[in-house]
Amino acid sequence: MAKYLTQRIIYMIITLFIIASLTFFLMKFLPGTPFQNEEKLTEEQRIILDEKYGLDDPLPVQYANYMINIAKGDLGVSFQYDNQPVSSLLLKRIGPSLTLGFQAMFIGTIIGIMLGVLAALFQNTWIDYGSTFLAVLGKSIPSFVFAALLQYYIGVKLEWLPVASWNGFSYSIMPTIALAIFPIATAARFMRTELIEVFSSDYITLAKAKGNSRTEVAIKHAIRNALIPLITVLGPMAVSLMTGSMVIEQIFSIPGIGEQFVKSIQTNDFPIIMGTTIFFAFLLVVIILIVDILYGIIDPRIRLAGGDKHE
Amino acid sequence: MSNSTENLPKELFEPVSTDHMNNEVIAKPQLSFAKDAWLRVRKNKGAIISAVILLFIFIMAIIGPYLSQYDPYAQDVTKANLPPKIPVIENLGIFDGTQDINGEKSDIYKNKNVQEYYWFGTDSLGRDLFSRVWLGTRVSLYIALLAALIDMIIGVAYGLVSGFKGGRVDNVMQRILEIISGIPNLIVVILMLLILKPGIMSITIAMVITGWIGMARVVRGQVLKLKDQEYILASKTLGARNIRLLIKHLLPNLSGVIIINTMFTIPSAIFFEAFLSFIGIGLQAPEASLGTLIEDGYQTFQFLPHLMIIPCIVICIILISFNLIGDGIRDAFDPKMRD
Amino acid sequence: MGKKILEVNDLHISFHTFAGEVQAIRGVDFDLYEGETLAIVGESGSGKSVTTKSIMKLLPKHNSEIKSGKIIFQDKDIVQATEKQMQKIRGKDISMIFQDPMTSLNPTMTIGKQIMEPLIKHGNFKKSEARKQTLKLLDLVGIPKPKIRIKQYPHQFSGGMRQRVVIAIALACAPKILIADEPTTALDVTIQGQILELMKDLQQQIETSIIFITHDLGVVANVADRVAVMYGGKIVEVGTVDEIFYNPQHPYTWGLISSMPSLDGMDDELYVIPGSPPDLLKPPKGDAFAPRNRYAMQIDLEKEPPMFKVSDTHYAATWLLHPNAPKVEPPQNIQDRMQKFSKGAY
Ligand SMILES: Nc1ncnc2c1ncn2[C@@H]1O[C@H](COP(=O)(O)OP(=O)(O)OP(=O)(O)O)[C@@H](O)[C@H]1O
Ligand SMILES: [Mg+2]
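Residue numbers (full-length UniProt numbering), protein chains in the order written: chain Z, 1 to 311; chain L, 1 to 339; chain V, 1 to 346.
Some hints here could point you the wrong way.
Claimed, not checked - Listed below are the simulated DSBU-like cross-link pairs for lysine-lysine, each with C-alpha atoms no more than 35 angstroms apart in a straight line: (1) Lys53/V - Lys327/V; (2) Lys220/Z - Lys88/V; (3) Lys61/V - Lys35/L; (4) Lys220/Z - Lys303/V; (5) Lys132/V - Lys220/Z; (6) Lys53/V - Lys67/V.
As the list claims (entries may be wrong) - To give an idea of the interface, some chain V residues facing chain Z are shown, with a C-beta separation under 7 angstroms as derived from the structure: (7) Gln87; (8) Phe98; (9) Pro118; (10) Met307; (11) Lys309; (12) Ser311; (13) Thr313.
Since the hints were made in silico from the structure, they are not lab data. Keep in mind it's a predicted model, so treat the numbers as computed, not measured. From the three backbone atoms N, C-alpha and C, an ideal C-beta is built for every residue, glycine too.
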């Protein structure tokens with residue numbers, strides 16, 4: 001476990017290093033970035049860039065400075081928001097994004113697990129078909145399409161919920177639902193397949209052979225074993241939530257990181273784009289690492305691996 | 001127990017040769033893997049219906065823009081923002097060119113004095129949505145198929161080499177894969193698009209950069225599994241050259257995983273293109289894709305919902321169909337799912 | 001022979017698959033007596049597992065169907081029993097051991113909990129008593145340091161140890177019938193011997209009847225009192241161990257015995273029965289073994305053979321036993337065995 005963990009952390013650092021270098025060199029060498037089109041910048045911006053990145057320094061020095069700054073958590077300053085530091089802009093906006101992300105993840109996995117369990121327990125009945133169909137819809141329909149339709153029908157037409165903005169719980173309902181459809185679909189499908197596989201395993205037959213009822217078998221033996229591998233999809237789920245949050249925040253005018261990111265793309269605010277990119281990458285890599293560790297903690301086979309094996 | 005059989009005629013107890021029967025039994029063709037899978041897919045109604053719908057959409061993507069008499073790029077401000085109006089169906093009270101304005105139905109075509117029928121209406125520049133939707137579908141499908149094809153070529157090649165060479169080569173190649181796959185693809189794609197000039201080619205390239213990894217993984221996994229199987233070992237000892245071995249034995253066996261994987265990369269590429277266009281770094285006007293149409297429609301959806309809803313429906317149908325077919329094929333090939 | 005404890009009558013079981021109806025069991029009859037060990041042998045796919053699973057009603061619900069027949073246990077027909085009634089029988093009166101000890105234990109539950117489950121369920125044990133009983137059981141099946149082992153997970157046990165745990169679970173409530181579906185196939189030879197010894201030993205102590213499924217005729221000779229030979233979803237010959245080994249009547253049994261490696265290791269080449277098992281989607285008319293039978297007759301292709309009586313305990317389903325059938329010479333090695341039998345020297 002310790003060796004595995006060290007290896008994972010090393011990979012994590014390499015990955016982050018590559019992403020950071022990538023952003024630097026892309027911005028540095030490719031046309032269309034502020035480093036190349038200095039004439040497009042205001043005088044003030046040019047001075048800031050100069051100070052920050054030392055544009056007249058030799059390349060290795062610039063690169064080293066850039067990487068050191070990132071390691072220190074300094075992601076540069078924004079153009080569009082009065083030259084505020086990117087890191088504090090990110091911090092300021094992380095609240096709504098996290099709220100939304102956690103709500104969607106939480107609700108999504110719980111509903112998804114329930115759907116998946118129902119589908120597996122009632123395999124090849126209309127409950128199964130219904131749940132599977134919902135899962136296919138959830139996986140297929142892009143969250144922004146779903147969000148836009150929700151906003152139109154529930155917000156504009158029916159006026160049940162506020163159309164946009166961020167002023168309390170009711171404002172978070174539609175975006176959460178829109179974001180949750182993917183976790184629901186992923187969890188439901190995964191849970192169904194996993195449970196069906198577990199149900200066909202010998203130890204479930206043995207559990208039945210002990211005289212357990214179907215419900216007891218499901219609750220005591222099957223679901224726990226099917227739930228453990230579900231942890232592995234939390235990583236991909238987090239990726240999709242991040243992707244989704246960008247458009248969902250934009251659609252519902254939520255002051256989160258995603259919305260700021262999209263706006264920066266549209267206004268060419270490169271420091272924010274780069275900073276957010278690195279921040280997202282960092283977040284993802286950490287989430288995936290946590291998921292891995294979690295898996296090890298929950299699954300006794302991994303938890304005790306390499307431990308005491310007797311015969 | 002045997003009493004009732006006492007008076008059976010003696011001829012019945014003549015010995016018969018069973019040689020031919022044995023041969024028959026052995027020669028009886030086992031359902032081949034692919035055929036078996038096909039039988040299963042065929043039973044999956046969702047997959048079959050999806051295939052038919054997709055076929056229809058493919059055909060429309062090719063001929064759709066020419067079915068309507070209007071050029072998808074032609075602008076005519078006098079005919080802007082028209083709601084859908086379709087002959088015959090208009091009599092049913094839908095697609096009749098009317099629109100709710102402050103709770104009242106009014107015939108926009110009459111108001112604007114337009115004689116023609118625009119089946120899906122027009123956008124704010126007076127362009128025909130019907131031909132634009134199919135043009136957009138064509139572009140979206142084109143990008144997705146191209147990306148999936150390139151993913152497939154790179155992924156299969158990488159996976160084959162990695163799996164087949166084994167040893168240190170495999171080890172190094174796997175480490176590289178691990179690192180690349182640690183980079184969130186969204187971020188790579190966005191960075192690439194900020195730098196490349198937006199267009200069909202750059203979107204495709206941006207998606208391919210991380211897209212091939214999944215394919216490389218499954219192909220390698222499959223190669224490792226097949227490599228140990230007897231017939232490969234057998235032809236190796238017989239001295240078949242590596243390349244011939246690869247083509248003759250591996251590719252047919254790999255086709256299953258390759259098809260399944262591709263069936264899932266296509267819809268994810270369609271999604272990505274739409275996503276990028278929606279946040280404004282995908283295709284640029286006047287180019288149309290389903291993503292740009294949805295984006296355009298979204299700007300005015302409170303007043304002209306059809307501009308957004310129609311392309312939304314088309315993209316959803318495409319994505320759902322691909323996913324259902326993919327699921328169908330995957331379940332059919334998956335031995336765990338058989339009963 | 002003791003009292004009859006289980007009676008299976010004309011059992012027919014089908015699976016509904018995408019390719020059609022698989023008639024896996026096509027009229028199986030057998031009895032099980034108190035305290036005896038009945039071995040069921042036969043090639044892969046002959047229906048051994050399906051037959052025994054049906055006794056516990058553990059066949060997959062969604063695609064299997066008991067078409068007809070009776071399974072009488074304690075004067076009740078299991079075929080007609082409700083799920084509730086079955087739950088009372090399973091693990092208490094009838095229990096089961098599976099082939100692969102690596103997969104038959106729940107990987108995320110401690111060994112102790114898994115053994116305690118049937119105790120608490122059927123034995124009305126309180127938790128602390130169940131724990132004590134579990135420790136006893138672990139000791140009984142020969143697992144050292146039960147106090148430590150009880151808290152461990154299956155992956156911390158070797159294959160042989162796991163199979164001991166599975167046996168402990170199966171015997172926890174001292175069942176009347178123990179079904180062992182190839183309990184030693186997945187184990188290596190020395191461990192195999194130990195497990196077989198353990199089972200024989202425990203059978204004496206608990207006085208249970210055992211249905212023992214195996215491919216391995218060597219094992220049969222070692223553990224069984226009687227043997228049932230299955231082919232193509234039917235029992236084609238049944239008799240005592242001696243009758244089956246030294247006076248076999250069915251050509252399929254001849255083939256099976258000939259394909260058994262001889263104990264003295266004299267034969268260097270193993271006999272293989274030619275041809276392949278019948279397609280249970282379209283079972284042939286007549287005797288399912290006919291296409292592979294060197295001694296096939298016209299009637300084998302037309303009519304299914306009934307069970308012909310050889311002795312009070314010995315029956316075989318082959319037309320060769322019909323009075324009108326020509327006398328055939330069994331393969332040489334079988335004749336040798338029969339000779340030993342008639343001399344009474346086995
Ligand atoms: N769940 C199932 N669905 C469909 N067919 C099945 C199922 N289970 C068993 N069968 C069929 O029933 C027949 C008998 O199978 P069974 O498992 O009883 O064989 P067996 O004698 O135990 O073989 P083995 O020695 O390999 O364990 C086989 O032809 C098999 O294909
Ligand atoms: Mg079996």
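Proposed interface contact between threonine 313/V and chain Z, which counts if any beta carbon pair is under 7 angstroms: violated, 30 angstroms
Chain Z contact restraint for serine 311/V - C-beta distance below 7 angstroms: violated, 35 angstroms
Hint consistency between lysine 220/Z and lysine 303/V [alpha-carbon to alpha-carbon, up to 35 angstroms]: Cα-Cα ~50 angstroms, so violated.
Closest C-beta approach of phenylalanine 98/V to chain Z relative to 7 angstroms, hint status: holds, 5 angstroms
Hint validity - glutamine 87/V Cβ closer than 7 angstroms to any chain Z Cβ: holds, 5 angstroms
Restraint status (C-alpha distance of lysine 53/V to lysine 67/V at most 35 angstroms): Distance ~15 angstroms between lysine 53/V and lysine 67/V Cα, so the pair holds.
Restraint outcome when proline 118/V is required to lie within 7 angstroms of chain Z by C-beta distance: holds, 4 angstroms
Hint consistency between lysine 132/V and lysine 220/Z [alpha-carbon to alpha-carbon, up to 35 angstroms]: holds, 22 angstroms
Pair hint outcome, lysine 53/V versus lysine 327/V [Cα-Cα no greater than 35 angstroms]: violated, 39 angstroms
Agreement of hint lysine 309/V with chain Z interface, Cβ distance less than 7 angstroms: violated, 35 angstroms
Evaluation of the interface hint that places methionine 307/V against chain Z, nearest CB under 7 angstroms: Violated: closest Cβ of chain Z sits about 30 angstroms from methionine 307/V, beyond 7 angstroms.
35 angstroms Cα cutoff - pair lysine 220/Z, lysine 88/V: Holds: lysine 220/Z and lysine 88/V sit about 18 angstroms apart, inside 35 angstroms.
In this structure, the hints that do not hold are numbers 1, 4, 10, 11, 12, 13, in rising order.
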